[in-house]
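S.K.: Please put together the full structure from these sequences, using the hints given.
The chain contents come next:
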Amino acid sequence: MKWVLVTIIVLATTAGEVLQAIGMRRHGEIHDFRPGALGRVVSTLARCRYILAAIAAMAVSFFAFMALVSMAELSFAVPVTAASCILETILAKYLLKEHIGRARWTGVLLVAAGVVLLAL
Amino acid sequence: MTSPLKALHFKTRIVTAVVVLSNVLGNSFLSRGMQGVGELISPSPIPYIRALFNPWVALGVSLLIVWLLSHMALLSWADLSYVLPVTSIAYVLVALVGRFALHEQVSLARWAGIALIMVGVTMVGHTAPRTTSHTIKLRDSEEPS
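Going line by line, the protein sequences match chains A and B. For the first sequence, our numbering assigns the number 1 to the initial residue and increments by one for each residue that follows. For the second sequence, our numbering assigns the number 1001 to the initial residue and increments by one for each residue that follows.
Hints are computed from structural coordinates only; laboratory data are not their basis. Each hint should be verified, as a subset may be incorrect.
Unchecked claim - The calculated label-pair distances, taken between Cβ atoms and stated as ranges, are:
| # | chain 1 | residue 1 | chain 2 | residue 2 | range |
| --- | --- | --- | --- | --- | --- |
| 1 | B | L1108 | A | L109 | 34 to 44 Å |
| 2 | B | E1039 | A | R47 | 18 to 28 Å |
| 3 | A | G36 | B | L1075 | 33 to 43 Å |
| 4 | A | L52 | B | A1101 | 11 to 21 Å |
| 5 | B | I1014 | A | R49 | 31 to 41 Å |
| 6 | B | S1042 | A | R102 | 41 to 51 Å |
| 7 | A | S43 | B | L1075 | 13 to 23 Å |
Claimed, not checked - Here are a few chain A residues that sit away from chain B, every Cβ distance over 10 Å (derived from the structure):
| # | residue |
| --- | --- |
| 8 | W3 |
| 9 | L11 |
| 10 | E17 |
| 11 | V18 |
| 12 | R34 |
| 13 | P35 |
| 14 | G36 |
| 15 | G39 |
| 16 | A46 |
| 17 | A56 |
| 18 | A57 |
| 19 | L87 |
| 20 | T89 |
| 21 | I90 |
| 22 | L91 |
To be verified - Partial chain A-side listing against chain B, Cβ under 8 Å, derived:
| # | residue |
| --- | --- |
| 23 | Y50 |
| 24 | A53 |
| 25 | A67 |
| 26 | E73 |
| 27 | G107 |
| 28 | L110 |
| 29 | A113 |
Using N, Cα and C, we set each Cβ at its ideal position, and we do this for glycine too.
M.R.: Structural data, given as structure tokens:
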């Protein structure tokens, strides 16, 4: 059950963050941080399908995390969710066309190794 | 009179501390509360909503909202490559809270795993924050000014 929840959290977090990245890129960089301009940003984003899907995915991830901490230790639950960083990097390369250098792949492999140690 | 740069450093340190503390305390209170609520395996949303009324869970969720907002605010002026490694200290602090406040057994393998994750996150954070040159244009929206 623990690993089912970890899988749900990792998949939902990955989906949420990738969708958020797509939505924010379509919106473009935010330059103006005055309250009125930020209000317009929020109302534009509230109509973006990618952002709405991202919020839904992050809600799934949060409730699954709640269930996970109800049965697993905190010192396991928090670091294991870092596994989403592995899947996100792969999706960033193929879906978002980001260029992943050697240092970034090394970092991701270290995170993966750390998650394997948590699983022991 | 303080220089604007000094003020920015001060603001960054304060908000970074808020981000790390709200994350660690929020997760800790959430965990403490959920231990009291008992195992949640229901596909129905009602037990989850009921759990939100547990005072520890409510406190944890409030702190996690503070975390989300302070994290977004920090990212609006600080580099992601600064924020990721600095906030990854939260992994270690969470393990310390688990060990000493929640009396969890943290094995040597788990400490090693946490250390590797921290180093990995820091390495990812040291790479260029932007590797794509073009932003995807939104079809039905005006150009950002």
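S.K.: Next step is simple, just say for each hint if it's right about the structure.
M.R.: Now the hints, each set against the structure:
1. Checking the proposed 34 to 44 Å range against B:L1108 and A:L109 shows it is violated: the Cβ atoms sit about 21 Å from each other.
2. Remark: the range hint 18 to 28 Å for B:E1039 to A:R47 is contradicted by a beta-carbon distance near 39 Å.
3. Between A:G36 and B:L1075, the C-beta spacing of about 21 Å breaks the proposed range 33 to 43 Å.
4. One distance hint, 11 to 21 Å for the beta-carbon pair A:L52 and B:A1101, is violated here, with the actual separation near 37 Å.
5. At about 36 Å, the CB distance of B:I1014 to A:R49 agrees with the hint of 31 to 41 Å.
6. Restraint check, B:S1042 to A:R102: a C-beta distance of roughly 45 Å satisfies the suggested window 41 to 51 Å.
7. Here the CB-CB span from A:S43 to B:L1075 is close to 20 Å, well matched to the stated 13 to 23 Å.
8. Non-interface call for A:W3 relative to chain B: holds, since the shortest CB-CB distance, roughly 13 Å, exceeds 10 Å.
9. Consistency note on A:L11: stated as away from chain B, and its beta-carbon is indeed over 10 Å from all of that chain's, at 16 Å minimum.
10. The Cβ of A:E17 sits about 12 Å from the closest Cβ of chain B, beyond the 10 Å cut-off, so the non-interface label holds.
11. Its beta-carbon lying about 13 Å from the closest one in chain B, A:V18 satisfies the requirement of being farther than 10 Å from that chain.
12. Look at A:R34: its CB is around 12 Å from the nearest CB on chain B, clear of 10 Å, so calling it non-interface holds up.
13. Look at A:P35: its CB is around 13 Å from the nearest CB on chain B, clear of 10 Å, so calling it non-interface holds up.
14. The beta carbon of A:G36 is kept farther than 10 Å from every beta carbon of chain B, the shortest such distance being approximately 13 Å.
15. Every C-beta of chain B lies more than 10 Å from that of A:G39, the closest at about 15 Å, which supports listing it as non-interface.
16. No beta-carbon of chain B is positioned within 10 Å of the beta-carbon of A:A46; the least distance is around 13 Å.
17. The beta carbon of A:A56 sits about 13 Å from the closest Cβ of chain B, which is more than 10 Å, so the claim that it is off the interface holds.
18. Every beta carbon of chain B lies more than 10 Å from that of A:A57, the smallest distance being close to 15 Å; the non-interface claim holds.
19. The claim that A:L87 is not at the interface with chain B holds, since no C-beta of that chain comes within 10 Å of its own (minimum 13 Å).
20. With a least beta-carbon separation of about 8 Å from chain B, A:T89 fails to lie farther than 10 Å from that chain, contradicting its non-interface assignment.
21. Distance check for A:I90 against chain B: the nearest CB is about 13 Å away, which clears 10 Å, and the non-interface claim stands.
22. Against the 10 Å criterion, A:L91 stays outside the reach of chain B, whose nearest CB is about 14 Å from its own CB.
23. Taking 8 Å as the C-beta cut-off, the interface hint given for A:Y50 is violated, the closest approach to chain B being about 10 Å.
24. Below 8 Å, beta-carbon pairs count as interface contacts, and A:A53 has none with chain B, the closest being about 15 Å; its hint is therefore violated.
25. Look at A:A67: its Cβ gets to within about 4 Å of chain B, closer than 8 Å, so that hint holds up.
26. The restraint placing A:E73 at the interface with chain B holds, with a minimum CB-CB distance near 4 Å, inside the 8 Å limit.
27. Proximity of A:G107 to chain B holds as hinted, the smallest CB-CB distance being about 3 Å (cut-off 8 Å).
28. With its C-beta approaching chain B no nearer than about 3 Å, A:L110 sits inside the 8 Å limit, and its interface hint holds.
29. Below 8 Å, beta-carbon pairs count as interface contacts, and A:A113 has one with chain B at about 5 Å; its hint therefore holds.
When held up to the earlier numbered hints, the structure conflicts with 1, 2, 3, 4, 20, 23, 24 and fits the remainder.
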